[in-house]
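S.K.: So the protein sequences, as listed, match chains A and B.
Taking full-length UniProt numbering as reference, the numbering of the first sequence is continuous, increasing by one, and the terminal residue is 323.
Taking full-length UniProt numbering as reference, the numbering of the second sequence is continuous, increasing by one, and the terminal residue is 323.
It should be emphasised that the hints constitute simulated quantities derived from the structure, not laboratory data.
These numbers were taken from a predicted model, which means no experiment stands behind them.
Using N, Cα and C, we set each Cβ at its ideal position, and we do this for glycine too.
Any given hint might turn out to be false.
Coverage of chain B stretches by chain A, computed from C-beta distances (three or more under 8 Å per stretch; other residues unrestricted) [what the hints assert, rightly or not]:
hint: 1; stretch: 63 to 77
hint: 2; stretch: 100 to 108
hint: 3; stretch: 114 to 125
hint: 4; stretch: 165 to 177
Some chain B residues well away from chain A (every beta-carbon gap over 10 Å; in silico) [to be verified]:
hint: 5; residue: Ala29
hint: 6; residue: Thr42
hint: 7; residue: Phe111
hint: 8; residue: Glu251
hint: 9; residue: Leu276
hint: 10; residue: Ser289
hint: 11; residue: Val292
If you want the building blocks of each chain, they are given just below.
Protein chains: 2
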Amino acid sequence: MPSGEDDLIARYFKPLATDPGALGLVDDAAVLAASRDDLVLTTDAIVEGVHYLPGDPPRAIARKALRVNLSDLAAKGATPAGFLLTLALRSADERFLAPFAQALGEDAALFDCPLLGGDTVSTPGPMMISITAIGRVPPGRMVRRNTLCAGDRILVTGTIGDSALGLDLLQGANADISDEHRAFLIDRYRVPQPRLALAQAIRDHAGAAMDVSDGLAGDLAKMCAASGVTAILDAAAVPLSAAAQAMISGEPAKLARVLGGGDDYELLCGVAAQQLDPFLAAAQRIGVSVSVIGSAEAGTGAPRWRDAEHRDIALSGLSYSHF
Amino acid sequence: MPSGEDDLIARYFKPLATDPGALGLVDDAAVLAASRDDLVLTTDAIVEGVHYLPGDPPRAIARKALRVNLSDLAAKGATPAGFLLTLALRSADERFLAPFAQALGEDAALFDCPLLGGDTVSTPGPMMISITAIGRVPPGRMVRRNTLCAGDRILVTGTIGDSALGLDLLQGANADISDEHRAFLIDRYRVPQPRLALAQAIRDHAGAAMDVSDGLAGDLAKMCAASGVTAILDAAAVPLSAAAQAMISGEPAKLARVLGGGDDYELLCGVAAQQLDPFLAAAQRIGVSVSVIGSAEAGTGAPRWRDAEHRDIALSGLSYSHF
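Excised from the complex, chain A in its bound form:
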């Protein structure tokens, strides 16, 4: 006596449940066999109209939902073990579900993070996708946010600000940039690139780490506050893509948007001086760019940002908050 909900799960999501612990999604729970690893648990939800736009492609929505969670696992130095999916839908629309599930399955395979279970519910409101991702680290080795030390160099992966600028473009901002740059920035907004390839290097060499999801400046301030230190940052050292450079070149005021905008899903970490070279070497081997943007210092004030002439820059509204 299968219900519509069970049909939907069997049709779209059972093919993703490749792990034996998922029990083919016929049970109400999944099982993760005992192991010698600590488990890292993280959960992030994305809401239509808040974290993505109603017109975003279903494939991109699926990828964003999973990848924002994988980004957290990467920042903790964890290897993915699997994920649970809660999907709140207005209707069981095949035109949405088929490409959504397909892309989710492709990403689950790409990042070796199988679907373990979930819940599918109806909602009269905006669609919402909540994912809980589970990762593994050797005992005691999860990298924390609140362990940045005075003297640590502060680094970020990839490039910063692309996603916020991409969102601006989707929302109608004018920019005298090429179609290629425009497409690049929009793609950066829609499809985060979780830096899982760097997870082991983070675990081996970083003293503290988090992913940049609410804006670099604000997230760095949170890391400093949680760690009881402050920091001095070199705004000119923040890595920018060619597309971002093109978009802000005419408007230096947009630097605040780059440093304060959200959805970067790059990694921010503190690395002790003696670990810097091995970390940079590991990142180079892996092929992920990392940039030193400043240093942590003793003290408790807000991090200070300086321009190329070492003058303080005032930044306001630096972090995205839902409330």
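Knowing the structure of chain A, use the given hints to seat chain B on it.
M.R.: Showing chain B alone in chain A's frame:
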């Protein structure tokens, strides 16, 4: 530079994060230390207007959100380890959040299931609470849904149908019952009683188990289908509360509502003949009522329900489905 979201988390939810693995909710992830147990993972979401009514008390909403997940852990024979909370809110309304968080904390303490982490997001739509609960079982001992065997006696805990009748009352159904019975049924709808006290007895004696969330008849049909067996059930043996008996006494047609309605959050299990007495004895020691309602049989048809005169009863629309 704390944001409104961080303030909200610190004020309302940090007090619930009593487990060291929650890291005081200052990190993006929680950590569960390696152990010799298998981990059982389950996730269930509740949506305003779908799983609860907009006028339901915040304390009841909190309890329902957690307890529907704890009910799944109980059915799997698992002991709670903790939970992750995703909260999608229209606004950070203290009148909602303060009692919601307080009741959630009380239940977390009552069931020894601490808050490990979560995500708080804004939504323009109905409120949604998605919880992922994690439990522990000795290796290989999670009780499954698809392992019901021909010959197993089929049992349920507590009483069935109260919640569906309570929802009917909240939605304006007429019933010539006492105020006390009315309050009992409404409370059963609003605040499930997860049968965690019975988890170890389920693990020790049940061959298959699930919780009854989408209606007893439909959930039993799912268990039979997943297990490749059928069943014969005695409708008169289904345990009814005095309040439910009072409400359906004048309208026998409401039996279908009792067997088909959802939100019971009782446990449904299959117990082999030689395990029946020890299981009943364990339940009695614990003080949870359990009732034998039928037996599993070889075959693949839909379970057959019989009345007190052993005549077949036709039941339709037996399971709640979101789509």
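S.K.: Failing hints, ascending?
M.R.: 2, 4, 5 and 6
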